[in-house]
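Chains as they are written, first to last, in the numbering used here: chain A, 1 to 333; chain B, 1 to 373.
Simulated from the structure, these hints should not be mistaken for lab results. Keep in mind that a hint or two might mislead.
Beta-carbon label-pair distances, calculated as ranges [as the list claims (entries may be wrong)]:
id	chain 1	residue 1	chain 2	residue 2	range
1	B	356	A	109	23 to 29 Å
2	A	152	B	355	39 to 45 Å
3	A	233	B	217	29 to 35 Å
4	A	175	B	240	54 to 60 Å
5	A	152	B	292	26 to 32 Å
6	B	240	A	15	56 to 62 Å
7	A	8	B	352	54 to 60 Å
Pairs of lysine to any residue residues, derived as SDA-like cross-links and limited to a Cα-Cα distance of at most 25 Å, are as follows [said to hold, decoys possible]:
id	chain 1	residue 1	chain 2	residue 2
8	B	45	B	174
9	B	370	B	295
10	A	71	B	12
11	A	69	B	1
12	A	229	A	275
13	A	223	A	184
14	B	216	A	107
15	A	288	A	308
16	A	108	B	12
17	B	14	A	106
18	B	370	A	105
19	B	370	A	15
20	B	5	A	152
21	A	108	B	244
22	B	5	A	15
23	A	108	B	174
24	B	216	A	106
25	A	69	A	152
26	B	5	A	129
27	B	216	A	68
28	B	5	A	110
Take a look, some chain A residues computed to stay more than 10 Å from chain B by CB distance [what the hints assert, rightly or not]:
id	residue
29	72
30	167
31	243
32	250
33	277
34	293
35	300
36	309
Only a predicted model underlies this, so the values are computations on that prediction, with no experimental measurement involved. Beta carbons are placed, not taken as given, at the ideal position from N, Cα and C, and that holds for glycine.
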Amino acid sequence: MYAIETENLVKKYGGLTALDGVTLKIPEGDCFGLLGPNGAGKTTLIRILTTLIRPTSGMAKVAGFDVLKEKAGVRSAIGVVPQAMTSDLDLTGLEIMDIYARFYGMGKKERRERTDELLSMVGLRERAGDLIATYSGGMRRRLEIARGLVHRPSILILDEPTIGLDPQSRRVVWELLEKFRKGDNLTILLTTHYMEEAEYLSDHVAIIDYGRIVALDTVEGLKKAIPQKDTMELTVSNIDMAKAREAVSAHPSVGSVAVNEATLIISVDNGANAIPELVDKLRALNAKVTRVTLKEQTLEDVFIHFTGRPIREEEARKVSFLLGAGVPRQWGK
Amino acid sequence: MNRFKAILERDLRKFIRNPLVVAMSVLMPVIYLVILGNSFQGELKRLPVAVVDQDKGPGAEWVMERLSALEAGPRTVEVIRVSSQGFAMEALREGVFKGVVIIPPGFSRDLARGSLAEIGLFLDNAETIAAATVQSAIARAVSEPGMEFVSVREERAGARLRPIEIYGKIDYDQTLIPGVVIMAIFLGAMTTGAFNIVMDRFLGVEESYFLTPLTKSDIVVGLVASGLLITTIIAVVVLFFSSLISGIYLWRLLTIDGFLLMLAVIVLSTLGLQGLMFVIMGRLNHPRIVGILGGFMNVIFFFPSGAIYPTESFPAWLKAFAIVNPETYSVHALRALMFKGAGFGAVKGDMAFLAVFAVLAVIAGTAAFKREL
Ligand SMILES: Nc1ncnc2c1ncn2[C@@H]1O[C@H](COP(=O)(O)OP(=O)(O)O)[C@@H](O)[C@H]1O
Ligand SMILES: [Mg+2]
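Full structure from sequences and hints, please.
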C-alpha cells in the first residue's frame, strides 16, 4: 500500500489552474520531496491531501483514506506542519502540545510522556513553560514539528518547513527531520523551493511547476536524466538574449539552455573543451562575455533542465479588492 | 468531549493572559452606567425657578409655601424670589432660570372671591425636557384637591438658541442597570467565542486546528462554552458593581431564587448572543470588520431594547424590531426580577423567547461556521 496516492488531481481557482492533473504514488517509509518555485501549487496539493480544501476533480488517498470521503481517518493518520507559523502566541509550548494531544484523544499519562519526549528531541524542554510569543522563528518551527508528531502519526507532511529561517536554524530543522525519519517507519512528504533541502532530505524528488509534475525520481536518477554532465554559466552583454541562446544551442555538445537575466545557463558535455568555442561564437556576434563559470550538476540544474528556468524566490501574492490586507494569508506564502 | 474541553481550556487560558481585556470588560459597562445615567435619563433636579410676587397678599403666600415644599421635598426646583419681572424674564432668556412664575396683582382677591385665579409661568422652550419638568412640577404643586380654581397659565418665551447646559449632579438611574448588564453581555459575546475564530483566522492559526480530528461542533461548542463562561462571570460582576455604585445592595434586594432566575436570564441571553456572533463572524477573517459590525450591532440591539426608553414610546416599525430583539426580553426580565420582586411566572415568557432564540442561534451559528480554508 502507498502512504499517499493521488490520481489526476486538479484544482482551479476561477480561471487559474493551481493543480493541473497531479498523479503521485508515495511508498510507505519514504521521504518524498516536492520541489517547485513559488506559486507552483505545492501548498495547494498539501491542502488537498490534508483535507483543508477540496480538489476540483481527481482522487487522493492518504494512509488508505479518501481525502473527500474519509476525512476523519486522514486527519488522525497525518501530522502536518503548515507553511505559515500556526502556533498560538499566547500559549506556552507545553500547553500547545497538551491541547493538541487531547484533540487526538490521548490520555493524561500518555500525553505527558509523549510531550516530554518530543520537546526534548526538538530541544525545547527548558523553554516549554514560556509563552510562544517569546520564541524565535526556529524554535517555533521546531515546536510545530513536535506538535505534528504528538499523536504518533504514520505520515508527516511539512510545507516548506524551513522557509524564512536563517541558515543555522535551517540546518537544525534538517537534522531534526533526519532523526525522526529514522525511527518509527515514518513517511515524510515535504515541499520546498530550496534545492539543497530536497537533495539533503529526500529519497525521491518530484519537480512541480505550474501545477504539473514535470519529473519524478530519486535524486540520483534525476541527475542522470540530464544527458550533459556539466553546467556552464556565461554572463554576456551587448547582445539580445534570445539570439545568444540560439547561437549557443547550435553547438553539438550543448543540451538545454536557460536564460536568467544576462546569464545563459547551459548544460553541456565536456564543458572545459566547449568554453573557448562558445565564447568565440558569441564574440563573433559582437557580444561581450563578462563571466564564465563551470560546475558539476546539482538538483538546480535538474530543475532548469525540466522547466527551462531557474527557481526564483519571487512570490505570487494576491490581495482582496474589497478587504485589502484582510485576505492574502489564505494563499500561503 | 475531551476535544471540546481542550478548546474550552485553550480559550480560557488565552483570555486570562489578557488581564487588561478582563479589566476592561468589567469596567467599561460600569462606566456606561455612569455616562448613560448622567446624559439620558435621571430626573432633573434643582432647576432654578424665579418667582415674581406682584400680589403680595395671602394667596401669594400660599403659592410660595407650595413652592417651598416642592423645593424641600422632591427638590425638583430651586425657588428664587425676584422683585422685577423684567429682570426675571431677561435672566430666563439668558438661561439662568428654567422658568419664571408670575403671581399677578389681584391674585389673592380672585382667590378669595372664588373666581378664576391665574398665575403665569414662563418657560424656556429651547430646553424642552427641563421646561416640561418645571411645568408639571409647578402645576402639580398648586393644584391641590379643592383648589382646582388655581390654574397655571403657561406662556412660552420666544425660543432662543444657546448652548445646552450640562447638569452636574444627577443620580444614576437604577433602572438602567439591566441595560448595562446586557451591554456587558453584548461586549463579552463580541470579544470571546466566535471572535477567537476571526483572530485565529487572521493570524493564520486556524489552519493547524482544522488539520486535527476536531469536528465542526467540537469547535463551535468549545468556543461558545468558553465565551459563555467568561461572559456570564463578567455580567454578574457588572451587575454587582453597577448596583453597588447606584446604592442598591443586591444581597438585601434579591432572594436566592431571584438571583438564580437572574443568572438564568443572563446565561440564556449570553448563549443567544454567542450563537448570533457565530452566525455573523463564522466566515469573517479580519478583526476590523468585527469592530465595525460590533459597534453597529451594539446600538441596533441596545437602544431598541427598552433599556433606556420604554418600548411603548417607539413607532410601529421600531416596536416590530423590539419584538424580535433578544435584548428586549433580557432587559424586561432583569428589570422585573430586580425591581419588582417578580417570580418565575412573570419572566417565563421572556425566558422562553431567550431559550428558543439561543437554540436557533447556536444551530445557525454552527451551520454558518466554515471548517475549511
Ligand atoms: N485561494 C486561492 N485563490 C486564488 N488563487 C489561489 C488561491 N490559493 C492559491 N492560489 C494560486 O494558486 C497557485 C498555486 O499556489 P500555491 O499552491 O500556494 O503555490 P506554492 O505553495 O507552490 O507556492 C498560485 O498561482 C496562487 O496564486
Ligand atoms: Mg506554498
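Do the alpha carbons of residue 216/B and residue 68/A lie within 25 Å of each other, as the hint requires?
-> Status holds; Cα separation ~16 Å.
Given hint residue 275/A paired with residue 229/A - CA-CA distance at most 25 Å | holds (14 Å)
Are the Cα positions of residue 216/B and residue 106/A separated by 25 Å at most?
-> holds (20 Å)
Between residue 5/B and residue 129/A, is the straight-line Cα distance small enough, at 25 Å or below?
-> holds (21 Å)
Can the restraint linking residue 69/A and residue 1/B be considered satisfied, given a maximum Cα separation of 25 Å?
-> Roughly 24 Å between the alpha carbons, so the hint for residue 69/A and residue 1/B holds.
Compare the distance between the alpha carbons of residue 216/B and residue 107/A with 25 Å, and conclude whether the hinted pair is satisfied.
-> holds (22 Å)
Are residue 5/B and residue 152/A close enough, with their CA atoms no more than 25 Å apart?
-> holds (22 Å)
Measure nothing beyond the straight line between the CA atoms of residue 370/B and residue 295/B; if it is 25 Å or shorter, mark the hint as holding.
-> OK: residue 370/B and residue 295/B at ~24 Å, within 25 Å.
Hint consistency between residue 370/B and residue 105/A [alpha-carbon to alpha-carbon, up to 25 Å] = holds (23 Å)
If you draw a straight line from the CA of residue 108/A to the CA of residue 244/B, is it 25 Å or shorter?
-> Violated, at roughly 44 Å.
Given the proposed pairing of residue 14/B with residue 106/A, does the C-alpha separation stay at or below 25 Å?
-> Roughly 22 Å separates the two Cα atoms, so the pair holds.
Restraint check for residue 288/A with residue 308/A, where alpha carbons must lie at most 25 Å apart | holds (24 Å)
Figure legend: structure checked against the earlier numbered hints; hints not met, in rising order: 1, 3, 5, 10, 13, 21, 22, 23 and 29.
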